[in-house]
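Join these two chains into a complex; the hints should help.
The listed protein sequences derive, respectively, from chains D and U.
For the first sequence, position 84 matches number 84 in my numbering, and the numbering has no gaps at all.
For the second sequence, position 117 matches number 117 in my numbering, and the numbering has no gaps at all.
By construction, these hints were calculated from the structure, which means they are not laboratory data.
Glycine included, each C-beta is placed from N, C-alpha and C at the ideal position.
There is no bait here: all hints are sound.
Output of the computed footprint for chain U on chain D, the stretches with three or more beta carbons under 8 Å from beta carbons of chain U:
| # | stretch |
| --- | --- |
| 1 | 26-40 |
| 2 | 69-76 |
Computed, partial: chain U to chain D, Cβ under 8 Å:
| # | residue |
| --- | --- |
| 3 | PRO33 |
| 4 | ILE34 |
| 5 | GLU35 |
| 6 | VAL37 |
| 7 | ALA122 |
| 8 | ASN124 |
| 9 | GLN125 |
| 10 | GLN131 |
| 11 | VAL133 |
| 12 | PRO139 |
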Amino acid sequence: MKKMLLVLLIGWCVPTPALSQESSDYALVQRFQATAKQISKAIEAARTGQECTSIAKRIDALHDEYQPHEQLLDRALYPETFTSVLTELRSQLTLRRGDLTMIEKQEVRIQELEVQIKELANQIQALTTQNEKLLADVQRLSQNVRKLTGDLFTSTTPVDSLQRLIVQLRKGLQDRDALIKTLIDSIFLKYDKDVEQMKESEKRELLSKVERYGIYSAIVRSLRDNIAFIEVTNLKGSDAEELSDQQARLQSLWAGIAPKLTALYSSAKHKRGETATVDSLFVQWSLKLNTALWRSLNMLFRDHEVPVIEFANGSEFVTNLGAYFQAQAENRDDEMRETRFKKFTAFNENIWLTELQNGWFPTLLKLGHITLQQKQELEEKYNAWRASVEPPTTSVLSIILILLVAILLGALVAWFWKQRHSHNDE
Amino acid sequence: MRGKAFIVGIVICVSILAGCSSVVLKPADFSWPIESVLKVNEKGLIQDQRHCFTLNVRALFYLETNDSVNITVPVRVIRDREGYYYMTAQKFKNVYVFEHVEGGLKLVNTILITTRGLGAPAFNQRAPYIQLVNEKDPPRMLTKDGIVEGGVQQ
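Excised from the complex, chain U in its bound form (with noise of 0.2 Å):
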């Protein structure tokens, strides 16, 4: 008796369980063909007229600079294939990578480009990877986890 109201039990939670997991559409491709290069607004926002989005980005300049009120650099975005955002600016010495949460975005990774500070960063998309150029630097292949290509300049 015992017995049969353990496996009943045991039927009843796989199908809770079953029931709870989520769906997953795969595969995706969220990369962008090319960067965007937004102004920052006078309330710190970015708005992205071909994407449709509006952010704050005052915590990443304080996050980079210390200074989220003197911002005179537009920020350039991209977003990879997994659909990760990459975001720096000139004279930033990081890229910053974040994943979408809810209402906002969520820093995942920071990428320590060069202790210089870039002179005219740029990103192409190079799927997988999202291609970083400054300048006359070699070019670097980025994935939300680091460097694939390239290296640190000091």
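So that you can see chain D by itself, here it is in the shape it has in the complex (with noise of 0.2 Å):
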């Protein structure tokens, strides 16, 4: 027992190299380097709250290891202190909090984006259902319309079924575009930056989501039943600038994304020429729009028996329609003062005052057809027309006038008798 007491003791007092052991200074430093190292890796690389804050609990344990050589870290570590790279340390961890509260509330956005992206798809379905029957039944109709003629046509009703069915088409596709939009800004939200920038994960993940939700055939469809409603019916002056803004807007939606659709099919050889396809519809679209504009204008004046020579621009409009006025202020057809007179009356009421100014002139001039300069001109000869033009002589008023004096003249006459009577009797 003594034994080992004494050599408990030797091996107390007399200190084994192995205990009198110092590290490097140099190498105490690398390590601490090393480790401030590692975490900041381990931050840029977390990606839960949790893992932030076992980084924490790391950064403190590294304080903890290392105060004692504060000292010596402060000098070695010029121009940087030991503190200086803690507190870089935890402002970096701040900011990676930060950018993971983000990117979890996004997250959560995207998965709220991708039910509202799955309902879209099924309205759209829905709507394009609808809006393919409706467009049935207006090509009917219309058809049913341009057979019968006016004699054997008794009833209004048809016409009215025709414009009823034509406005509900019209809502239907203003509708499906505006779904058609919402669903592209909820897919391509996520891939806000270029395709060239994409991982080829997220490339394939747009690509599927594009393919699935049928984004492609969706405009496709919007713009084959676009044409199609235009080709059926005839536009008043509102209408063609609602329609023409309804094409600016989903063509602005396609220069949009069709660089995307471009570089994501750029892979797939049979998906290349559909970007080529769209192009193409909205050509067709554009000019289909404006046969329309001036078929339906052509139509106007048709449809009052004002004689104004066709015309399929807006140039011709102007001077075909400024010749009438000018034939018509002339009196070129030698007309009765009356009938000139109603004949102005009526084409200021049914078509002046009504349609062109309220509707066509300024759809023509926003969509750049006439200039205001030809408004003005037209204008002019216009007011040369109604200034010459005058009522007729004998007005209805005048003959009220006249009858409401007789009358008058009657009453007191009759008053004068029955008064002489009476006192005649007493």
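As structure tokens, this is what we get:
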């Protein structure tokens, strides 16, 4: 027992090489820097709040482990210090926590968007089916109206039905376009960067969504239906403007996603032609809209039996309508005063004020088919026509006035006569 | 007359000597907080970014190993408070003490540490000494003149 105690005492008193071992300051500094670097990388790689909490503990541990060497580290790390390194790590962690919170919020938003996208796709499908039926009905009714003559067509009901259907169809098309826009926005919101900068996995994901929700076919369908709609309907000035705006909105939407779709389809040969198809449909829509616009305006004059020579563009419209005004002002047909007045009044009330001034002129100006100067030119000629016509000489008003005066005189005479007789009787 | 000339001569000499005496700025501390561990490039140069110097160490390796070409280990350098440089490397038996001279370092002392060669040497600044640690060996306290604590290991 004594021997054992002696050995223990010697062991305690005499420092062994292992006990007296001192480490290298250089190695200590290197370890500190390496650990700080590892923590920094861990912060960059952190994906959850839990990971951030664990990293915060590592920073605290680093602090506790190396605080006894703070003086050495301050000198060795110059111009940095032990405290500045730890502060930097903590700031980096705080920033990362903020980023993660934002990312988590965005992920929630993306999940919500996914649900919204599915709902939108279903709504678009339902509207497409409804629009298909409406379009078929409109086409059928239009053909009937064309076949029937005025004599046989005793009731206005079919025409009213057609108008109602057209209004419904137009609303359906507009609603579907709005849904397509929302769907596209929802899908592409997550992928706001260029396709070239996307990872392969992101590209595959986006392409799969575009195909799953039929983005391309929805746009093509919308364009074809809009073209078919224009072919079967007559427009008013405000309609033309509305349709033109609708086309501009869809075209702007397409311009936004076309480069992305082109880049996505660049690897798929069979898809390359699809974007070109959409472009050609837009051109077709634009041409059809233009044709429908002039067709409808010509129809306006024809329906009111105003013999304006047919026109197919803005210049022709100004020239031909101007020529009509001039002919009326000069009274080339040598018409009676009353007939001219009646003709002007009808034109003024049924076409000039209601259709042209309030509908077609603003549309034609906005779409750039006529200039303000051309409109003023037409107004001048129209005013010349107005100045040349006069109301009939014996107006209804004067006849009414004469009658009123006669009645008044009759009443006065009767009153005097009655007064006189009553005096004589007394 | 001769005495006067002698005194004037003495005064002139003293004045000249006083003018020539060098100014010494004291006290100074040139110590580095930690050693620098510097790789030797193919030209035999070490570069210390922190202390901004470049040095050719081929002669040092030749002195230690008689080979100035196959240099594979980094040089460990530290400077003491007085400004002397201490250098060694793995497998070296000695620590070399240098002082700064114009355009280079001049060897002032070679301190034998172990005839077996150092396994994993490292310098620590322990002013006024430089501490040398090597694996499980007891640490040695060095000055430019030699080992103060520890001793030569066979």
